[in-house]
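Protein chains: 2
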Amino acid sequence: MYKRKFERNDKRDLLLFGYSEHLELPSKQLEPTEIPKPHMRWNPARQEWVTYSDSRKNRTAFPPKEYCPLCPGANLDFPTEIPFKDFEVAIFPNRWASFNSHNQSITLKEVLTKNSNGKCEVVVYSSKHLDTIAQMPLDRIKLLLHAWIDRYEELLKQKDIEYVMPFENRGEECGVTLHHPHGQIYAFPFIPPVIKKEIEAFKKDNFLLKLMNKLENKYYVYQDKNIIAAVPPFARYAYEIWIAPKRQLPGPWAFNDEEKESFAIAMQKVVKAYDSFMGKKCPYIMGLHAAPQINDSNFHFHIEFYPPLRYEDKPKILAGSESMAGVFVMDVLPEETAITLRKHIQ
Amino acid sequence: MYKRKFERNDKRDLLLFGYSEHLELPSKQLEPTEIPKPHMRWNPARQEWVTYSDSRKNRTAFPPKEYCPLCPGANLDFPTEIPFKDFEVAIFPNRWASFNSHNQSITLKEVLTKNSNGKCEVVVYSSKHLDTIAQMPLDRIKLLLHAWIDRYEELLKQKDIEYVMPFENRGEECGVTLHHPHGQIYAFPFIPPVIKKEIEAFKKDNFLLKLMNKLENKYYVYQDKNIIAAVPPFARYAYEIWIAPKRQLPGPWAFNDEEKESFAIAMQKVVKAYDSFMGKKCPYIMGLHAAPQINDSNFHFHIEFYPPLRYEDKPKILAGSESMAGVFVMDVLPEETAITLRKHIQ
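Residue numbers (the working numbering), protein chains in the order written: chain U, 15 to 360; chain L, 15 to 360.
Bear in mind the hints are in silico, worked out from the structure with no lab data behind them. Hints may be right or wrong, so weigh each one.
Ranges between beta-carbon positions, derived for each pair [as the list claims (entries may be wrong)]:
1. L:T191 with U:Q61: 32 to 42 Å
2. U:R261 with L:E214: 34 to 44 Å
3. U:I205 with L:N89: 37 to 47 Å
4. L:D145 with U:K42: 50 to 60 Å
5. L:D145 with U:E80: 44 to 54 Å
Listed next, the stretches of chain L that the computed footprint assigns to chain U, with coverage defined by at least 3 CB atoms under 8 Å from CB atoms of chain U [as the list claims (entries may be wrong)]:
6. 116-130
7. 206-218
8. 243-255
Note that CB positions come from ideal geometry on N, CA and C, so glycine has one too.
Between the sequences and the hints, there should be enough to build the whole structure, so can you do that?
Okay, structure coming up:
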């Protein structure tokens, strides 16, 4: 697989991953925008950092109505983020980053602040505007996996970065405004609170491995000998699915070739099952949960999918109990939704 | 103020709070429904309880389309939750409770479970279907405050109950399907994770009192000498507002009469400001954060409002960073939204 580093006109890198070498000359590029300088404030009530990136509200409203900034720009009448005729997987810095290393600090009396250092990248899965993980050739998903691994290995080495999380928001219900298939990578300057708890849990005990028999027999949606996709028995969303290797591995970088193949298949089967279940592109939030370091012998890598649905296709809204108290209320049992989703696995 | 305890046909209590004694004879009652027996499962990844109440999915689809189960039943052609011609504030057990004390336990191998004991109550603010906190007479808000205090004092005494949280979800964006003005009270058998953090924070340090000068000068939306309504400088929602007494008090039960009056006024002014800002009934999640015990000398009572809006009237959707990592990303600064909202205070 090939990786091309193309320096954009704002001196930042656009990465192109592919099965063949990318040699095309660039067409016209987007005008550089101001590099964001976000900051964080400590929320003492929640004991967590909140990041403020107020340039985000200036996200340009682009001229032509059907403008897709993630399509190959050279084919269109206007520049896009990717100034080429074609590409396979493309990754570039988010123009309105919530985390971005810089030296411009702000101080607020009585409120703890910090630069919101780190990185935010956009991962474009395909040059085709209407592709999704469900329809892509399997090779493309393997290429995406390869690109994620590249980003893990590179970003985790950088100072200012303590945790890397690739994720995808899919569907308007999950806040997506650009329909071109893409995800994001957030490289945080701290371990995010959700992950901190998970790291601590895995340090005590590999609850995933301990549960593996139960998952394989009762909660699975799809599995082969390397990988399982299952509704966890303690799911917080009705149709929550986790995809995990059957042996303990810190992150996708530790997969062998067979596991990579299994993982790509499982990933596609899960998205296809969601779409078949919903009878349309199913909305979800999907995130990779890997260890905070390349060498970690406790953490068990997995992907979590949260479709914002409760019983059947009714939306689950996180209201009083969930948002205000942090207590999830579920209408359906994971063992039931596992059966429902299993029927949609092809 | 008066409180009537009316035993319903399911042997559970409907409470009626009013400035005059409620003596009306009941009209026809709703058929009793099965008393729910929810259970909890421990989510090891998040280190939190998830509650499963699978009878919730059977929530009756009531016959007439315009049926409001929270209206006074005696005026209608069908029974409702409140079998009277009129009432002021009414509270009754939620038929599809997420927490409900019972003795029927379930066990799951490899997954920690517990009965989802506790109580869930529905609080109806008015007999008028179209009322809201913005329009009610101030006396009604004081009566509501009185009813909340009654529930705190009574529920906190019960075994199985460790924390009491009254809250309100307002607007369809927050999952509301019944438009009749109402809130809920969740009485949890454990301290909810969000509150646990807050209790620990206040034990270390009263961050609200420490911040009070800043709030009074820069972040306030409304205040008088007893009460302040402000956008906290570490807000997670653009238009988040906290209402808090200016002195440390564990809960609304510790208010003196003047503070009660101030609080009711502040509460109404905040909801009115939201509605004026939005130009319509503004959606929000609102919750009372009081101490876990009546006598607590650390916790600082306050109400939090989370309107699901980001910059201007665009919805803020909790996606990858918020849901998956627990990290909130903000487009606007609290000091700016405080100024915006202050202009709408009447």
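Each hint, compared with the structure:
1. L:T191 with U:Q61: 32 to 42 Å: Since the Cβ atoms of L:T191 and U:Q61 sit about 34 Å apart, the hinted range of 32 to 42 Å holds.
2. U:R261 with L:E214: 34 to 44 Å: 37 Å, holds
3. U:I205 with L:N89: 37 to 47 Å: Given about 57 Å between the Cβ atoms, the range is violated.
4. L:D145 with U:K42: 50 to 60 Å: 58 Å, holds
5. L:D145 with U:E80: 44 to 54 Å: Holds - the Cβ-Cβ distance for L:D145 and U:E80, about 45 Å, lies within 44 to 54 Å.
6. 116-130: Per the Cβ count (4), the hint holds.
7. 206-218: holds (count 8)
8. 243-255: holds (count 5)
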